[in-house]
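Residue-level listing of the chains:
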Amino acid sequence: DGGITQSPKYLFRKEGQNVTLSCEQNLNHDAMYWYRQDPGQGLRLIYYSQIVNDFQKGDIAEGYSVSREKKESFPLTVTSAQKNPTAFYLCASTHSTGRATEAFFGQGTRLTVV
Amino acid sequence: AQKITQTQPGMFVQEKEAVTLDCTYDTSDQSYGLFWYKQPSSGEMIFLIYQGSYDEQNATEGRYSLNFQKARKSANLVISASQLGDSAMYFCAMREGTAGNKLTFGGGTRVLVKP
Chain E
1 DGGITQSPKY
11 LFRKEGQNVT
21 LSCEQNLNHD
31 AMYWYRQDPG
41 QGLRLIYYSQ
51 IVNDFQKGDI
61 AEGYSVSREK
71 KESFPLTVTS
81 AQKNPTAFYL
91 CASTHSTGRA
101 TEAFFGQGTR
111 LTVV
Chain S
115 AQKITQTQPG
125 MFVQEKEAVT
135 LDCTYDTSDQ
145 SYGLFWYKQP
155 SSGEMIFLIY
165 QGSYDEQNAT
175 EGRYSLNFQK
185 ARKSANLVIS
195 ASQLGDSAMY
205 FCAMREGTAG
215 NKLTFGGGTR
225 VLVKP
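Residue numbers (the numbering used here), protein chains in the order written: chain E, 1 to 114; chain S, 115 to 229.
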C-alpha cells in the first residue's frame with residue numbers, strides 16, 4: 001500500500017541533543033513537507049521541498065534542518081538551537097502540480113524533551 | 115493577519131444531527147484552494163473535501179459539504195447526520211496560487227458527538 005511512514009512514533013530528547021525524525025513516502029510524490037503542531041493548535045510549516053536536492057524554509061524553520069537526497073525521503077533534524085522542541089511533528093507529501101491535489105500525511109512523531 | 119481563521123474552538127453536536135464548522139480566509143490571490151482535514155485523537159490527518167476558488171458549485175463528498183461564499187471569504191464545512199466517529203479536530207487549510215503546494219492551516223475546531 002502506498003503511503004507515508006514516519007518514525008519513530010515517540011521520541012525523547014535530552015537538552016542539547018540533536019535528533020532526526022524520519023519521513024519516507026512511496027507515493028512517487030515530488031513535494032514533501034514538515035509541519036509542527038503544538039497542543040490544541042493548528043499546523044505550522046517548518047520546511048518543504050518540491051524537488052530532490054532542493055528545499056525552502058517555512059514559517060518556523062529556526063532550529064531545524066532538512067535534507068532531500070532522495071525523492072522518497074525527507075528527514076528532519078531538530079537541533080539544540082530549537083529552544084522549545086516538544087511538539088507533534090507531521091510529514092506530508094503532494095504531487096508537484098495541480099492545485100486540487102490534497103496533501104497526504106504520515107502518522108506523526110511526538111517529540112518530548114526530558 | 116491570520117490567513118485562516120476558525121472561530122469555534124469546540125462544539126458539541128447530537129448524534130444524527132448536522133453541524134457547521136466555520137472557516138474564513140484571507141488572500142489576495144485569485145487562484146487558491148481550500149481544504150478540510152479531520153484529525154482523530156490518534157493524530158493522523160485525514161483529507162475530507164476540497165474547493166477551488168474557480169469552482170462554481172459547492173463541493174460535496176458523502177456526508178461532507180462545503181458552503182463556499184467567495185465574496186465573504188468563507189468556506190464552512192457541513193457534516194450531515196453526525197456519527198460518534200466524527201468526534202475529532204477539524205482543520206481548514208488554504209493553498210494560495212503563488213505558494214506552490216504549501217498549505218496554511220487554521221487553529222482547528224474540536225467536535226464532540228454526543229450519543
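If you are wondering where the hints come from, they were derived from the structure by calculation, not from laboratory data.
Only a predicted model underlies this, so the values are computations on that prediction, with no experimental measurement involved.
Glycine included, every Cβ here is placed at the ideal spot set by N, Cα and C.
Honestly, I wouldn't trust all of these hints.
[As the list claims (entries may be wrong)] Using C-beta positions, here's what the derived DEER-type ranges look like:
(1) S:S155 - E:K57: 38 to 48 angstroms
(2) S:Y168 - E:A81: 40 to 50 angstroms
(3) S:T174 - E:S80: 41 to 51 angstroms
Hint check:
| no. | hint | result |
| --- | --- | --- |
| 1 | S:S155 - E:K57: 38 to 48 angstroms | violated, 31 angstroms |
| 2 | S:Y168 - E:A81: 40 to 50 angstroms | holds, 42 angstroms |
| 3 | S:T174 - E:S80: 41 to 51 angstroms | holds, 48 angstroms |
Going down the numbered hints, you'll see the structure goes against just number 1.
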